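Visitor: Taking the hints into account, I'd like the entire structure generated from these sequences.
Protein chains in written order, with this note's numbering: chain E, 1 to 248; chain P, 1 to 248; chain Z, 1 to 248; chain D, 1 to 248.
In short, the hints are calculated from the structure, not lab data. Remember, predicted model here, so these are calculated numbers, not experimental data. Treat the hints with caution; some may be incorrect.
Note: identical chains are not told apart, hence a pair may lie in one copy or across any two.
[Unchecked claim] In the DSS-like style, the derived pairs of lysine-lysine whose C-alpha atoms are separated by at most 30 Å in a straight line are:
id	residue 1	residue 2
1	202	78
2	50	83
3	202	83
4	99	247
5	202	183
6	28	183
7	81	183
8	84	247
9	84	99
10	95	247
11	50	78
12	81	28
13	50	247
14	84	50
15	81	247
Number of protein chains: 4
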Amino acid sequence: MAATSNFFSIVAGVGAGTGRSVALKFAKAYPVVLLARNPQNFESIVSEIKSSGGHAIGISTDVSSPQSVSSAFAEIQKEFKGKKLAAAVYNVGGKFIRKPFLETSLEEYEAGYEANGKGFYLFAQAVLPLLLDSVSTSLHPPSLIVTGATASLRGSATMSSFASGCFAKRATAQSLAREFGPKGVHVAHAIIDGVIDIPRTKDWPANGGVEDGKINSDAIADSYWYLHTQPRSHFTQELDVRPYVEKF
Amino acid sequence: MAATSNFFSIVAGVGAGTGRSVALKFAKAYPVVLLARNPQNFESIVSEIKSSGGHAIGISTDVSSPQSVSSAFAEIQKEFKGKKLAAAVYNVGGKFIRKPFLETSLEEYEAGYEANGKGFYLFAQAVLPLLLDSVSTSLHPPSLIVTGATASLRGSATMSSFASGCFAKRATAQSLAREFGPKGVHVAHAIIDGVIDIPRTKDWPANGGVEDGKINSDAIADSYWYLHTQPRSHFTQELDVRPYVEKF
Amino acid sequence: MAATSNFFSIVAGVGAGTGRSVALKFAKAYPVVLLARNPQNFESIVSEIKSSGGHAIGISTDVSSPQSVSSAFAEIQKEFKGKKLAAAVYNVGGKFIRKPFLETSLEEYEAGYEANGKGFYLFAQAVLPLLLDSVSTSLHPPSLIVTGATASLRGSATMSSFASGCFAKRATAQSLAREFGPKGVHVAHAIIDGVIDIPRTKDWPANGGVEDGKINSDAIADSYWYLHTQPRSHFTQELDVRPYVEKF
Amino acid sequence: MAATSNFFSIVAGVGAGTGRSVALKFAKAYPVVLLARNPQNFESIVSEIKSSGGHAIGISTDVSSPQSVSSAFAEIQKEFKGKKLAAAVYNVGGKFIRKPFLETSLEEYEAGYEANGKGFYLFAQAVLPLLLDSVSTSLHPPSLIVTGATASLRGSATMSSFASGCFAKRATAQSLAREFGPKGVHVAHAIIDGVIDIPRTKDWPANGGVEDGKINSDAIADSYWYLHTQPRSHFTQELDVRPYVEKF
Chain E
1 MAATSNFFSI VAGVGAGTGR SVALKFAKAY PVVLLARNPQ NFESIVSEIK SSGGHAIGIS
61 TDVSSPQSVS SAFAEIQKEF KGKKLAAAVY NVGGKFIRKP FLETSLEEYE AGYEANGKGF
121 YLFAQAVLPL LLDSVSTSLH PPSLIVTGAT ASLRGSATMS SFASGCFAKR ATAQSLAREF
181 GPKGVHVAHA IIDGVIDIPR TKDWPANGGV EDGKINSDAI ADSYWYLHTQ PRSHFTQELD
241 VRPYVEKF
Chain P
1 MAATSNFFSI VAGVGAGTGR SVALKFAKAY PVVLLARNPQ NFESIVSEIK SSGGHAIGIS
61 TDVSSPQSVS SAFAEIQKEF KGKKLAAAVY NVGGKFIRKP FLETSLEEYE AGYEANGKGF
121 YLFAQAVLPL LLDSVSTSLH PPSLIVTGAT ASLRGSATMS SFASGCFAKR ATAQSLAREF
181 GPKGVHVAHA IIDGVIDIPR TKDWPANGGV EDGKINSDAI ADSYWYLHTQ PRSHFTQELD
241 VRPYVEKF
Chain Z
1 MAATSNFFSI VAGVGAGTGR SVALKFAKAY PVVLLARNPQ NFESIVSEIK SSGGHAIGIS
61 TDVSSPQSVS SAFAEIQKEF KGKKLAAAVY NVGGKFIRKP FLETSLEEYE AGYEANGKGF
121 YLFAQAVLPL LLDSVSTSLH PPSLIVTGAT ASLRGSATMS SFASGCFAKR ATAQSLAREF
181 GPKGVHVAHA IIDGVIDIPR TKDWPANGGV EDGKINSDAI ADSYWYLHTQ PRSHFTQELD
241 VRPYVEKF
Chain D
1 MAATSNFFSI VAGVGAGTGR SVALKFAKAY PVVLLARNPQ NFESIVSEIK SSGGHAIGIS
61 TDVSSPQSVS SAFAEIQKEF KGKKLAAAVY NVGGKFIRKP FLETSLEEYE AGYEANGKGF
121 YLFAQAVLPL LLDSVSTSLH PPSLIVTGAT ASLRGSATMS SFASGCFAKR ATAQSLAREF
181 GPKGVHVAHA IIDGVIDIPR TKDWPANGGV EDGKINSDAI ADSYWYLHTQ PRSHFTQELD
241 VRPYVEKF
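Guide: In structure tokens, the structure reads:
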């Protein structure tokens, strides 16, 4: 795809589900950088992309460490010297802790913010200057797409850690949409309301185990690609997704 | 498109903007029925679709009249005997009244509900049985897609008529999503937050007149098509759209 | 209470629960007009207020009939000639219909709007000029307080009638708050999320029948009085209430 | 007030506005503990309460330091040995930073979470066991009341730090309401949407400088007291407040 050949993309938070699907999808148009703490989470995806004729690299990164993020982006700059960033996806959810509040330690409570607040701040600080730099030349408005959850909209009992992190991430995404939208960067937030259909959730009894009762992560990837390709006269800031049988 | 050849679609509320773009978009896959009170609003679109090799008919319909809706659907059933309904779009906004409350007559106040409450009820009653009947055979989940507005989310001063209608429409769309989603019908609601770029709004000073400061209705059509093609494991119930420079 | 002696109040929608409690509460400060379609709904409350030394009249009124509302307010003007309106409470919920959508008739669907849309419009048209007229002299900012429900915030399956009406009422209340707040009239909306504890609900199994699992309507009356007495530097537009054990 | 004589209350975050007013209000019923980092912020309030015949102590506390909070509550336990906690108010807002995102340092970004996330966690961990212990004996349901802001509901451009903290605090308050409400503890969150009228904001041009265009903090205190005295059959989880002329 000639028009996109000088561009690349970044997906932070890859594993078996959404991150992998998004990386495979975006790899059809752009080289992709995969960020995950554990190389096992990106190695097979990098191979998968390469064997389909795409270009991908993985960088072991702890998104909530300034040093780690800084070193990852130094590597990215070296690897993609002269290329511009078309899209960045923040798909990090962090630790999911579900505990009675009075049994939740400070460390556990803060874990929700670690990835969703601090980590997202660090990622956004790194990618926004690159996205701004692509505004005048990219085919589609440069995009920062953020994965949210049911807990981005409501704080449930025993979920203060995850919900407070997800709320903080959504607040930041809204702030960035309002600040960077007028500059041509598309910041979008997706509420993923349901269980993702991945090997790890195979036996989870979501929606009584009915067919398609869990979210197909390839469909999420299609949504993210759709968000990325929206023209600047028509930016979606937020959408929700859930299986047809999900209660909401 | 073989897989869709036994299907058709309906767009209620066509004119120069969203309705026309949506009809042209869906006409690439399905024959389209266009509903508008005034034939002038659909005639040129029907011609446009036909001249591109598509199939379309227009039926003059007052969506807030039970008799008119009933007669329109009798005609549709005759015209598309043996075919099934794949998608129905409700793009009727009705009269937009902006007046101090104490100068708003009962008739003016009720005008907001006429199209968005009663009209949507009548349309939904007519299309839902047809959409349910398509669940097992359609390529994409049969869809009812509803156009909303900023006024679907907030009641502004001097806008009680339009806002109360839009709120009622959104409430009904949510109810239908929760009732018919589990049966396989996708009910989605789009918040259109901004001025649509059509001849009538050419001189409106939206967003200071900057380029792309009004919404391109073809992009809305892309969104509706994207919503229609989502698999049932991943239904979006609501998304917002606005120009990159729109304050929100 | 000398400061309030030239004022009166109106409560539309009285019966065994919220309306009665609100009337009794406001009657401690102001004469109260009770509006209900069926005189049986206000007669005993009028007696109750009178026997406590208060002043109250009941007027049989169909709030969704312009003629009926108009005639009620003519009677009110005659009865309270020279007095000013301090507070008006709209506590009409209308018919509550819970049915599969395709079994809901147009008449049933519109019933939700009849009381919550049209009825509230008529009531607001009648009381707002009177409330505006009280701004400079009343002890507390003149108030229009509106009863909402869970269905004001979400459209549940099989509840499109009630939810669309409640959404319309909330939209109108928001519009009025934004238009009349700056003129000194306090428009507030209360989300009543739970079953009210009245004789009719005695055997309803709300919250497993635990003690205080239903809402005490006297507490709602306290809330409305609290809303009414807020100074204009501190207006609450919306609050929710529910029993401590209610799921939300 | 005999019924409340075995109880005390705590207000975290006192200064010239809301905290002072809330402390004075609650001091009419309960001894009050005032927490603030800087003793200058509570000393005059403690004197004011004492000179009105109330009982108050101030403890210099950094609410985002586990050690500091722990030592403050040790002192509280000693001071109020045998007494029970009736109400705890978290009125800490933390640093308010308004800066373009790319000029916001990590430390500045995290400042929003420091007080509103971590600080609120530490306070809630300390007070909830005490509030639970009061459920069976207190006159009013033991209460944890939390001060929020406009930024609790929307992330504005250049306000990612404060908004992410306020969103996190609201998420946590919601989680706690859902977990501890059924146990009899009332957790409520107030959205303060406007400028508080205190010496520091005297010359702020809020709402064009009109009379009552800033929020009277004594009215906020009345709201908090009203929330505290709600019976358990009628808990308000969230309310908003703003001056009558505030745009929203």
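Visitor: Please go over all the hints and tell whether each is borne out by the structure.
Guide: Hints and how they fare:
In this assembly of identical chains, residue 202 and residue 78 lie within 30 Å of each other by CA distance neither inside one copy nor across copies; the values are 40 Å within and 47 Å between. Taking CA atoms no more than 30 Å apart as the test, residue 50 paired with residue 83 passes inside one copy only; the shortest distance there is 19 Å, against 44 Å between copies. Within a single copy, residue 202 and residue 83 get their C-alpha atoms no closer than 40 Å, and across copies no closer than 38 Å, so neither meets the 30 Å cut-off. Taking the closest pair of Cα atoms, residue 99 and residue 247 come within 30 Å of each other both inside a single copy (22 Å) and across two copies (18 Å).
Proximity of residue 202 and residue 183 under a CA criterion of 30 Å is satisfied inter-copy only: 23 Å between copies versus 43 Å inside one chain copy. In this homomeric assembly, residue 28 and residue 183 come within 30 Å of each other (Cα to Cα) only inside a single copy, at 27 Å, whereas the closest approach across copies is 34 Å. Within a single copy, residue 81 and residue 183 get their C-alpha atoms as close as 23 Å, which meets the 30 Å cut-off; across copies the closest is 51 Å, which misses it. For a Cα distance limit of 30 Å, the shortest separation of residue 84 from residue 247 across copies, 28 Å, qualifies, whereas the shortest one inside one copy, 41 Å, does not.
In the homo-oligomer, the alpha carbons of residue 84 and residue 99 lie at most 30 Å apart only across protomers (26 Å), although the nearest pairing inside one protomer, at 43 Å, exceeds that limit. In the homo-oligomer, the alpha carbons of residue 95 and residue 247 lie at most 30 Å apart both inside one protomer (24 Å) and across protomers (26 Å), since each shortest distance falls under that limit. In this assembly of identical chains, residue 50 and residue 78 lie within 30 Å of each other by CA distance solely inside one copy; the values are 20 Å within and 53 Å between copies. Taking CA atoms no more than 30 Å apart as the test, residue 81 paired with residue 28 passes inside one copy only; the shortest distance there is 20 Å, against 42 Å between copies.
When the C-alpha separation of residue 50 and residue 247 is checked against a cutoff of 30 Å, the pair qualifies neither within a copy, at 39 Å, nor between copies, at 42 Å. Taking identical chains as interchangeable, the C-alpha atoms of residue 84 and residue 50 lie at most 30 Å apart only when both belong to the same chain, with a minimum of 20 Å there against 43 Å between chains. For the homomeric pair residue 81 and residue 247, neither the shortest alpha-carbon distance inside one copy (47 Å) nor that between copies (35 Å) is at most 30 Å.
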